[in-house]
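Enquirer: Listed below, chain by chain, are the residues.
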Amino acid sequence: MTIVDAQTAPFSSLPKRRDPVLIGLWISLVIVAIIWLAPIVFITFTAMKSNPEVLNSAAFAPPEKIVWENFTKAWVKGNFNETFVNSTVITFIKVPLGLLISAMAAYALAQIQMGWNKFLLIFVLFGAMIPFQVMLAPLFTLVNSLSLIDTYPGVILPYLAFGVPYQVFILHGFFKAIPKELTEAALIDGASHVTIFRRIFLPVSLPVLAALLILDFVATWNEFAMALVLLQDKHMWTLPLGLMSFQGQFSDNYGQLNAAIVMTVLPATIVYLIFQRYFVSGLTSGAVKG
Amino acid sequence: MFKLNLFQSARSQALILLIPAFGVYTLFAIWPLIDVVILSFQEWNGISADRKWVGWENYNYIFNNDPVFWVSLKNTVIWTILSIVFPPLVGLLLAIGLNQKLFGRASLRAIYYLPVIIAPIAVATMWRWMYDPFFGLFTQILTDMGLGFLARDWLGDRNIALYSMFVAYVWQHVGFSMVLFLAGLQGVQSTLIDAARIDGASRFEIFRYVTLPALSPTITIVLVLSTISSLRAFDIVYGMTGGGPAQSTQMLAMWAFTQSMQIFDFGRGSAVSVVLLVITLAIVIPYMRWSQAREEAVK
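Note that the protein sequences, when read in sequence, are chains Y and L. In case it helps, the numbering used here puts the first sequence at residues 1 to 290. In case it helps, the numbering used here puts the second sequence at residues 1 to 299.
Source of the hints: derived by calculation from the structure; they are not laboratory data. Some clues are possibly wrong.
Straight line, CA to CA, 20 Å or less: simulated EDC-like cross-link-like pairs of lysine to aspartate or glutamate [stated by the list, open to error]:
#	chain 1	residue 1	chain 2	residue 2
1	Y	Lys234	Y	Asp150
2	Y	Lys176	L	Glu295
3	Y	Lys77	Y	Asp252
4	L	Lys74	L	Asp194
5	Y	Lys234	Y	Glu82
6	Y	Lys180	L	Glu296
7	L	Lys101	L	Asp194
8	L	Lys52	L	Asp265
9	Y	Lys118	L	Glu296
10	Y	Lys176	L	Glu296
11	Y	Lys73	Y	Asp252
12	Y	Lys118	L	Glu295
13	Y	Lys73	Y	Glu53
14	L	Lys101	Y	Glu82
15	Y	Lys77	Y	Asp189
16	Y	Lys65	Y	Glu53
17	L	Lys52	L	Asp35
Just chain Y, same shape as in the assembly (with noise of 0.2 Å):
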């Protein structure tokens, strides 16, 4: 009985009794959750209709029969060949060179004394709380005045700068944490620092990379406020310009908006499926501790 009741029951972890409370509580869970996919599952079934039947079908009955020209159609379109490149070209530079220099700094200022460690810090820490979207004007001259406009170089090194402050944030803290005997005893055998950063403290926080590489990942992925002011020529467009162009174009296509739609999500809703343990960990180690 008590078996049988383990295995229908929605809480394992109760097999005794059922308590109406939970069980009320997982309902609405549920409920709200078929709300929060529901624009989701909309844009998908949209995604794979014919312009007629997205107009004469109900909003969430599945597609009759897949049509798939939607999504070569709107590749073509919307000049995905350029912008998926363009998009991967910046994002693969930028989020394994931004965390190995915030990794970098981050290591001076928790293990190498200086004095002034704790206002570098705190300078640091300030930028992770600006807005870049009140310097988008200054950015655009500053990247102009370097002939820097319309180049990977131009966008990279912005990316770089708004992404060092919550890594090194992050990174000091857990830098912080690893006991300064353990430097020092390496320092005594003639190990360098640059040697103990790379042998010792790069292999021990690998996770906290991990974590960092991914939740960096999406942000450059999606990056567009900047790039819409740094990246005019719609050769060097990313994914989210692209996205906003197909928008303003071809917006009466629906089916093919919305393929438009689900393929510049795709790639960053495939990583987080794969690796959602390290989103959490890596948001959570920052704001929250403890």
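Got chain Y sorted already, so can you dock chain L onto it with the hints?
Expert: Frame of chain Y; chain L shown alone:
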């Protein structure tokens, strides 16, 4: 002698480790921050060689002659108030629910968090289509329920556009608050809860007198982060309405961008930015002091 050498080399090694991050941060994050303040006292179209000093003229203009500035300030305030009430509240409720040992709670958590990782500009595009006054999701559902007369031009009606946009924002941001609250709830000691239960406290009493006080640092963090992210709202405005109709969804970040990058008045745009910056600092600086003090207390 050996000691001195070691010290010097430690210092130079520290510099090598620090310079890449601090160099790029200072040049591309801190300098624009200073430059926006400088620009706000200048007149400049973004192209010409000379940037002319005009004193407080830009501020004078936005405060006294620019009605859109006041509309966008008002909208930003409404938006911020809504953002510190609804997403954290819903996030807290979900977190409390998901903190129980429920069937499938990992999947439920993943579903609530999913919108957070979708690009804000894609969320804007999605919701713009869902708000389509003829074929969009909301109009269709209402029509199917025989409530077609309730359907509106959700983003075209200046009285409701801001709130329509906010619904999309809630959908995207609830998961973020939820995850932070879940982490905070893990920190509430279960022994305290068990003790309260043995003493005969009701569920509500346990929540009110045990969980909530233990959660108060998390609540502060979530509220501050929600405020900051609401002040940043830009992508969603740009993607959904562009500030329209009739500036009814215009907000400070968007208006600063429009002035500088579309009207090419860098001075006035920067003055709007500085106002937004001052509001942000008024929240961030006390918060950083608080978290600093909290960290010292933990030590």
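Enquirer: If a hint holds in the structure, say so; if it doesn't, say that too.
Expert: Now the hints, each set against the structure:
1. Lys234/Y / Asp150/Y: holds (9 Å)
2. Lys176/Y / Glu295/L: holds (13 Å)
3. Lys77/Y / Asp252/Y: Holds. Lysine 77/Y to aspartate 252/Y sits at ~14 Å (cutoff 20 Å).
4. Lys74/L / Asp194/L: Status violated; Cα separation ~47 Å.
5. Lys234/Y / Glu82/Y: holds (9 Å)
6. Lys180/Y / Glu296/L: holds (19 Å)
7. Lys101/L / Asp194/L: Judged against 20 Å, a Cα distance of about 15 Å means the pair holds.
8. Lys52/L / Asp265/L: holds (12 Å)
9. Lys118/Y / Glu296/L: holds (13 Å)
10. Lys176/Y / Glu296/L: It holds: about 14 Å lies between the C-alpha atoms, which stays within 20 Å.
11. Lys73/Y / Asp252/Y: Since the Cα atoms of lysine 73/Y and aspartate 252/Y sit roughly 14 Å apart, the hinted pair holds (cutoff 20 Å).
12. Lys118/Y / Glu295/L: The hint holds at about 13 Å.
13. Lys73/Y / Glu53/Y: At roughly 17 Å apart (the allowed maximum being 20 Å), glutamate 53/Y and lysine 73/Y satisfy the hint.
14. Lys101/L / Glu82/Y: Since the Cα atoms of lysine 101/L and glutamate 82/Y sit roughly 47 Å apart, the hinted pair is violated (cutoff 20 Å).
15. Lys77/Y / Asp189/Y: Since the Cα atoms of lysine 77/Y and aspartate 189/Y sit roughly 62 Å apart, the hinted pair is violated (cutoff 20 Å).
16. Lys65/Y / Glu53/Y: Roughly 10 Å separates the two Cα atoms, so the pair holds.
17. Lys52/L / Asp35/L: holds (14 Å)
Of the hints listed earlier, those the structure fails to meet are numbers 4, 14, 15, in rising order.
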